[in-house]
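*Asks:* Heads up: the sequence shown begins at 1 in the numbering used here, then just goes up one per residue.
These aren't lab readings, by the way, just hints derived from the structure by calculation.
Cβ coordinates follow ideal geometry from the N, Cα and C atoms, glycine included.
Label-pair distances were calculated between CB atoms; the ranges are:
| # | residue 1 | residue 2 | range |
| --- | --- | --- | --- |
| 1 | Gly262 | Gln470 | 46 to 56 Å |
| 2 | Ser381 | Ser332 | 26 to 36 Å |
| 3 | Pro265 | Arg337 | 24 to 34 Å |
| 4 | Thr282 | Ser52 | 36 to 46 Å |
| 5 | Glu403 | Ser332 | 42 to 52 Å |
| 6 | Gly262 | Cys415 | 26 to 36 Å |
| 7 | Asn460 | Val368 | 40 to 50 Å |
| 8 | Gly176 | Ser284 | 43 to 53 Å |
| 9 | Asn69 | Pro245 | 38 to 48 Å |
| 10 | Gly176 | Glu312 | 53 to 63 Å |
| 11 | Ile248 | Tyr63 | 43 to 53 Å |
| 12 | Ser381 | Ala286 | 19 to 29 Å |
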Amino acid sequence: MLAKAYSAAIIGVDAYTVEIEINSTESGEQNFVSIVGLPDAAVKESKERVRSALQSSGLMHPYGIVVINLAPADIKKEGAGFDLPIALLMTAVTGKINRTMLSESMIAGELALDGSVRPVKGVLPMAVHAKNMGRIKNIIVPTANAAEAAIAAGNIPVYPVDNLRDAVALLSGKGGIFPFQKTLEEATDASEKLSIPDFAEVKGQACAKRALMIAAAGAHNVMMIGPPGTGKSMLARRVPGILPPMHIDEALETSRIHSIMGILPLGIPLVTHRPFRAPHHTISDAGLLGGQSIPTPGEISLSHNGVLFLDELPEFKRNVLEVLRQPLESGSVTVSRAAGSFTFPARFMLIAAMNPCPCGHYGNMQRVCRCNPPQIQRYRSKISGPLLDRIDIHVEMSPLGDEELLSIPKGEKSCEIRKKVSTARKIQEERLGSKGVYCNSQMQAAELQHFCELDSQSRNFLKHSIRELQLSARAYDRILRVARTIADLEGAERISQEFLCEAVQYRGLDKKLW
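Put together the whole structure using the sequences plus the hints.
*Replies:* Next up, the structure:
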């Protein structure tokens, strides 16, 4: 007896359809269940979970030989999300549920031995895929995943189920379960409850705050260098609070990646705050880019549309740092494995922090540095010139004095800085939106020539700066982008020498330290 249903699986950051077919043949032999279609160990074990869940729910297990096929058969299937559709198909074979409704539904969920349904990863991209398929009329998911499915499913009703009995009752037409309702506005309101530390809590460091505001306004990469305790990490963790709100497309794209990794906060199906990721310096290149036999997104993709913070930058392995070159330029990363090549989105704002030397006190007027010149050189040489070129703004930070430490913080609040940043971003979107570019850091050569024209005085100043600091062509482009952002913050049409001077000063570490 044949029956079929639809589920979905994740490959890269997208979902694809998995058609699940079942055929039961009565036989005098002992019950036998076979799952085919390249299942991994977790999928093969589902037959035992399903058997126990059916018994606990008072439902019959098909008798005889049962063959379950997961199509397409040439792609490996992973995870426990096929438990619920397999259990419902087995129930359909025994004649307990409506096969027509079952064949028009996309179903995902992991079963516990008592029949309860547990949440699974990647439900949001599955719901997007179901909407795009056009032939799916119902989506059945665990209650914990219903919110993320509802905001992405469009007009397709999303039914939340707590246990296998609820799903059977729904498909047998007994009612009692209603579609889950969740609008984008409600999801946004839930996300806005998350709190982010405020810039006003940071004492001193006015120059660093100014640099981070410029970086946020143009989505520029930043490196902060200074002794321990100067507030580098404290400032970095407050940057998401001054970044402009995400557009709905950005929020859905970011939420899709977080859903795949199973890290969406409970009760918050939509990520509207820009993500902040701070991996430890022991991370591998696979952890940063994405890995496994079928690659999943790494830290740089989890920080897509947000901030990637690398603290103690020289402590990271050099090969790990070098893999950042491609995503910093292109905004995406391509990972190739035996299963194929996968491209993940990775447009993030990089904030790096480091000490000036191994002991951390080089240049500190209050502490004595114990490092000799070769040690300092080896420490700094861990950061290559090409990577440094890709960091737009370099900020040198000094320890706070006694008066600053004892004073009450008087800086601008994050909400005030955010208004200035958002205004500058709107100017950039109006200027660059028609070219598919939405912030100054993304400008290419054509946009730089058109929107970053310099007068003769500014051109001479920049020529002198390039000669003195021995800047590369890439550093020259970065200076123009930062100067354009400073002009946007000030509401100026053209780049003046004043703005250019400030942009050049953020490249001062090129020659001084490297």
